[in-house]
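Student: Take a look at the letters that make up each chain.
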Amino acid sequence: MTVYLLCFVLFLVGLYGLITRRNLIKIIISKSITEFSVFLILVLIGYIDQGLAPIVDPGTSHQVYVDPLPQAMVLTAIVIGLATTAMLMAIAIRLYRKYKTFDIREIKNLRG
Amino acid sequence: MDALIPLFIVIPLISAFLIMILGKLVKGFHRYFAPLTLLVLLAMTIIVFANLGGSSLQYTVGGWGLEKGIPVGIFMVLDAFSVLMLCIINLLGFIALFYSFSYIAKYTAESNYYSLFCLIIAGMNGVVLSGDLFNLCVFLEVSVIASYALVAFGVGKTELEASYKYQILGSLGFMLILLAVGLIYWKTKTLNIADIRQVFEAGYSKPYYIFVQVLLIAGFGLKAAIIPFHAWLPDAHSSAPSPISAMLSGVLIKAVGIYVIIRLFFNMFVFSYEIALVLTSLGAISMVVGSLLAIVQWDLKRLLAYSSISQIGYVLMAFGMGILLLLRGNNEAAAVLAIGGGIYHMINHAVFKGLLFLNAGSIEHRLDTRNLKEMGGLSTAMPITSTTSFMGSMSISGIPPFNGFFSKLIIIVAAINGKFYLLATLAVVVSIITLAYFLKFQRFAFFNKSAGEALSKIREVPFPMSFSMIVLATLCLALSLLAIPSVSELILRPAIDVLMQSDLYSTTIIGI
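Chains A and B, in that order, give the protein sequences. My numbering puts the last residue of the first sequence at 112; the count rises by one with no breaks. My numbering puts the last residue of the second sequence at 1512; the count rises by one with no breaks.
Source of the hints: derived by calculation from the structure; they are not laboratory data. Ideal placement from N, C-alpha and C gives every residue a C-beta, glycine not left out. Treat each hint with caution, since some may be false.
Partial selection, computed: residues in chain B whose CB lies under 8 Å from chain A [unchecked claim]:
id, residue
1, 1068
2, 1149
3, 1162
4, 1179
5, 1199
6, 1201
7, 1272
8, 1399
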């Protein structure tokens, strides 16, 4: 149970950063933290106590394996997260070149 | 026929990569190859649509089908509801691409534009065809990441800012969706939508799934921009190049937002009164607030973007009413009307909002401004743009011979039949407000003569742009034929049946 609570705390930390930070790069870092907390929860869903990697070997008597499907999901999700982070970083660099600042209080052309 | 299904995703994906590689080497390659791809997709859609009838096709990726009644592989499903979405995506995609020929010439790196455009189409086709929850999420991100890049395509100050905002909110939405998918997998141990339905029917712990459903509404609501989650939409849709705005507003928010919500809440989850109430009230709120925000805008594309929020509200409200009526169980005719009206309005909105964004693009192409106060007197200088945008405006505000009138009428009649008098009144009032802000657009852009003298050098837009607008304007008139009962029986009825008999989707796939 503690592990799930810690994941939730990590999620809240990321969300707090996403809401309160004013620096473009720090917002991206907060986004990544939130994302990783979701990934951790996904991995925990597939975890079974005392489970081994799901490679069936007829020689051993061990019968408990962890669920491999959430692991595959997390790998895919990490790749998607990488793509969005790279996109965001590229946009942040372009924004810095235009405005000469990372502060979102100065970047406010769009309103209303 | 089954073998056609993966081609809907494979063809645009391959052409996206080919354009990226060969577009740099062969001059003009992308200008011919991208429209060819979309034309092939459109032809395939029409073939499938003509042969489908009320049945459904399915394809198992890699041949991993059912193993003792349990689906082990990824399923792709094409039924009467998804084929309508495929029609919208590929038709509007082709028209917007044809329009881009002249419009996009002012930007550098044209081949990247066409490549990203093909990626967006591939992602949306994938979302619509996928029968697997996680696979759906992946395709959703493919199309949405391509749209992040396309929103920022102009690399000006506003484009970059809009894209940044869109990406932060979009990835937050993806996290919520991913969490919900994980939680569903935890309880049901399967990701196949049809199989999950079977598990739900065997046993259903309501409080747990209410939480999951709320997560999904928030996640897909962020993609569909229903009102509390709408902050990114007016920025992103007004900053993108106009053909892309037409794609985003006309198709993307439906294919990755509304379509998935409808599919999951009708065909996967067991209906629950609370969630139906949430969907209906979210729809009604976005309908009203979206139109009130639109009426004060002076930026033409922002006005159109806010009006998208309001029209999507109509669609969501109609489907919510449909669930409420089905749960009540004593008035099936009204439920058919509500769901049919929702699907009909969704198709119509794609056509006229696409058309209006293309009109806005034409004005921007000639005048280099989106501010309504700087336009005026364009009706003589740009007759085709003026006429088609008049047709689009009348259509979206519900004036009789056009399609928007009939779909709104069906939704309002359904609301009155189902005794939702407040919602019917709101729908009528919002329709009048819509008429008001589109008359404002018409007056300031096309008829306000006083500002028109300086604009005498303005000419009509080139052929590809005017041709696409004429096609869409004709469709605005032609789609009102769907209101004739015998025609709608043929086209809309199979899609309504898929949603009305919510078990049918899962039983045909699992084959029980």
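Student: With chain A as the partner, please determine if residue 1162/B meets the hint condition of a C-beta pair closer than 8 Å.
Tutor: holds, 6 Å
Student: Using the nearest Cβ pair, does residue 1068/B come within less than 8 Å of chain A?
Tutor: violated, 17 Å
Student: So, as I understand it, the hint says residue 1149/B touches chain A; can you test that by seeing if any CB pair is closer than 8 Å?
Tutor: Interface hint status for residue 1149/B: holds (7 Å vs cutoff 8 Å).
Student: Verify the interface restraint on residue 1272/B: the C-beta must sit less than 8 Å from at least one C-beta of chain A.
Tutor: violated, 24 Å
Student: Let's test the interface hint: is any C-beta of chain A closer than 8 Å to that of residue 1199/B?
Tutor: violated, 15 Å
Student: May I ask you to test the interface hint for residue 1201/B with respect to chain A, counting a Cβ-Cβ separation under 8 Å as satisfied?
Tutor: The hint is violated - residue 1201/B has no Cβ within 8 Å of chain A, the shortest such distance being about 22 Å.
Student: With a cut-off of 8 Å, does the beta carbon of residue 1399/B approach a beta carbon of chain A closely enough for the hint to hold?
Tutor: violated, 28 Å
Student: Given residue 1179/B as an interface hint, is the shortest Cβ-Cβ distance to chain A below 8 Å?
Tutor: Hint holds; residue 1179/B Cβ to chain A Cβ min 5 Å, cut 8 Å.
Going down the numbered hints, you'll see the structure goes against 1, 5, 6, 7, 8, while the others check out.
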